[in-house]
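So the sequences go chain by chain: A and B.
Numbering-wise, the UniProt record's numbering puts 129 at position 129 of the first sequence, and it's gapless, one number per residue.
Numbering-wise, the UniProt record's numbering puts 49 at position 49 of the second sequence, and it's gapless, one number per residue.
Possibly wrong hints are sitting among the right ones.
What the hints assert, rightly or not - Straight-line Cα separation of at most 25 Å, SDA-like style, residue types lysine to any residue; simulated pairs: (1) Lys53/B / Gly200/B; (2) Lys80/A / Glu77/B; (3) Lys92/B / Pro196/A; (4) Lys120/A / Lys47/B; (5) Lys92/B / Lys120/A; (6) Lys129/B / Tyr48/A; (7) Lys54/B / Val5/A; (8) Lys129/B / Ser64/A; (9) Lys92/B / Val5/A; (10) Lys63/A / Lys53/B; (11) Lys80/A / Gly27/A; (12) Lys92/B / Val51/A; (13) Lys100/A / Ser13/B; (14) Lys54/A / Glu4/A; (15) Lys100/B / Ala203/A; (16) Lys92/A / Gly200/B; (17) Lys80/A / His81/B; (18) Lys63/A / Glu104/B.
If you're looking for bench data, these hints aren't it; they were derived computationally from the structure.
2 protein chains.
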Amino acid sequence: MGEEVKVFGYWASPYSYRAELALKLKGVSYEYINEDIFGNKIDLLLKYNPVHKKVPILLHNGKSIVESVVILEYIEETWKHNLYLPQDPYDKATARFWIKFIDEKNEREKVTNEACEYMKTLESALNGKKFFGGETIGMVDIVASSVGYFIRVTQEIMGLNLLSADKFPQLFQWSEDFANCSIVKESLPPRDKLLPFVKGLIAKYQQDNAKA
Amino acid sequence: MGEEVKVFGYWASPYSYRAELALKLKGVSYEYINEDIFGNKIDLLLKYNPVHKKVPILLHNGKSIVESVVILEYIEETWKHNLYLPQDPYDKATARFWIKFIDEKNEREKVTNEACEYMKTLESALNGKKFFGGETIGMVDIVASSVGYFIRVTQEIMGLNLLSADKFPQLFQWSEDFANCSIVKESLPPRDKLLPFVKGLIAKYQQDNAKA
Numbered sequence: 001m002g003e004e005v006k007v008f009g010y011w012a013s014p015y016s017y018r019a020e021l022a023l024k025l026k027g028v029s030y031e032y033i034n035e036d037i038f039g040n041k042i043d044l045l046l047k048y049n050p051v052h053k054k055v056p057i058l059l060h061n062g063k064s065i066v067e068s069v070v071i072l073e074y075i076e077e078t079w080k081h082n083l084y085l086p087q088d089p090y091d092k093a094t095a096r097f098w099i100k101f102i103d104e105k106n107e108r109e110k111v112t113n114e115a116c117e118y119m120k121t122l123e124s125a126l127n128g129k130k131f132f133g134g135e136t137i138g139m140v141d142i143v144a145s146s147v148g149y150f151i152r153v154t155q156e157i158m159g160l161n162l163l164s165a166d167k168f169p170q171l172f173q174w175s176e177d178f179a180n181c182s183i184v185k186e187s188l189p190p191r192d193k194l195l196p197f198v199k200g201l202i203a204k205y206q207q208d209n210a211k212a
Numbered sequence: 001m002g003e004e005v006k007v008f009g010y011w012a013s014p015y016s017y018r019a020e021l022a023l024k025l026k027g028v029s030y031e032y033i034n035e036d037i038f039g040n041k042i043d044l045l046l047k048y049n050p051v052h053k054k055v056p057i058l059l060h061n062g063k064s065i066v067e068s069v070v071i072l073e074y075i076e077e078t079w080k081h082n083l084y085l086p087q088d089p090y091d092k093a094t095a096r097f098w099i100k101f102i103d104e105k106n107e108r109e110k111v112t113n114e115a116c117e118y119m120k121t122l123e124s125a126l127n128g129k130k131f132f133g134g135e136t137i138g139m140v141d142i143v144a145s146s147v148g149y150f151i152r153v154t155q156e157i158m159g160l161n162l163l164s165a166d167k168f169p170q171l172f173q174w175s176e177d178f179a180n181c182s183i184v185k186e187s188l189p190p191r192d193k194l195l196p197f198v199k200g201l202i203a204k205y206q207q208d209n210a211k212a
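Can you build the whole structure from these sequences, using the hints too?
Printed below as a string of structure tokens:
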């Protein structure tokens, strides 16, 4: 009788966390499968995401949906309660604009002046609201969790002061409010597990770059 | 009484062409304004797209929508006839997956083995269908017009043989069928105008790279 809803993810990935958070907001039960993306267990990735071979993958009644933002749109359209996108087409376009904005910068991952411009622009998008979605979490907030939580861990490790209450008071407050939502809290990878993991990733990245 | 629908575009941009094609498919009348993006007339860009300062911009009753794919989603949701996205959430997710795939590769614009892999994957997405959308043009086709028309012009100038009937018979046939749709034909920038323009762009790009 029950639906099959599975998420193939990786515990430290902001992208697979997006899919999980969306399902939790909808109250949809799902099975979470942690893929060992650094190991050899890529058979499932080849089967369900042959083009990119990446997590997250949403498996819904045997059909696989991939790319975190595509998954979020799919979840919103399949379970039509607790909507996290605005209904008005213009407001929806504005949300999608910010989602695209957040993701394009994430892909560059430059810790430079550009990052500062990025934060400034994001701060302006909050424009006095508690969340990007207004009074409650919306799809922009889900996508921006990579900024609100994962960047804060990264800057702590690297000794950077990118997102701070001083520089970006609204955005900083948002990241606190976001992290304090009960549904977010129970989904976030624990800080004491994430910190050494990201530290290892950065060290590896620096080592690889030193060789090149 | 009438609605205000304006497109700020650039005649040789595959991205502003997307917005125009979508409006034409819907049969929505609009005013087209060609922005001199290489000149100094950027006041409108600053006003309507302050974050990216780029075309295309859709202006609908005083509200501006930017980013070509966001514009396409907006047009689909605002004028709910001649739908170009499938209605089924899974089919819609599949379309969005391909749209994202096409756009991510476009951003890299590498003419390498990667481009060959890209074509191969796109060819597999056609999977015997006439258009990506099935029997008629869909949103994936609109987005893929950068491949079907603009890449063919580019490869001709550069003497490359990237998309050919030999190598990718299905994709090549699609690009022919697409270019032969009457609605596409009347929207495409004329080949004899586009060719020298792209030639100039490539020469400039090569010159800049030689200096760097």
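Hints and how they fare:
1. Lys53/B / Gly200/B: Measuring from Cα to Cα gives roughly 23 Å; hence the hint holds.
2. Lys80/A / Glu77/B: Satisfied, since the Cα-Cα distance of roughly 16 Å is no more than 25 Å.
3. Lys92/B / Pro196/A: With a Cα-Cα distance of about 39 Å, the restraint between Lys92/B and Pro196/A is violated, given a limit of 25 Å.
4. Lys120/A / Lys47/B: The hint holds at about 18 Å.
5. Lys92/B / Lys120/A: 34 Å, violated
6. Lys129/B / Tyr48/A: 22 Å, holds
7. Lys54/B / Val5/A: Measuring from Cα to Cα gives roughly 40 Å; hence the hint is violated.
8. Lys129/B / Ser64/A: With a Cα-Cα distance of about 21 Å, the restraint between Lys129/B and Ser64/A holds, given a limit of 25 Å.
9. Lys92/B / Val5/A: The hint holds at about 18 Å.
10. Lys63/A / Lys53/B: 39 Å, violated
11. Lys80/A / Gly27/A: Since the Cα atoms of Lys80/A and Gly27/A sit roughly 11 Å apart, the hinted pair holds (cutoff 25 Å).
12. Lys92/B / Val51/A: Judged against 25 Å, a Cα distance of about 17 Å means the pair holds.
13. Lys100/A / Ser13/B: Distance ~20 Å between Lys100/A and Ser13/B Cα, so the pair holds.
14. Lys54/A / Glu4/A: Satisfied, since the Cα-Cα distance of roughly 20 Å is no more than 25 Å.
15. Lys100/B / Ala203/A: Outside the cut-off at roughly 31 Å; violated.
16. Lys92/A / Gly200/B: Given that 25 Å is the threshold and the Cα spacing comes to 38 Å, the pair is violated.
17. Lys80/A / His81/B: Distance of about 22 Å is within 25 Å: holds.
18. Lys63/A / Glu104/B: It holds: about 24 Å lies between the C-alpha atoms, which stays within 25 Å.
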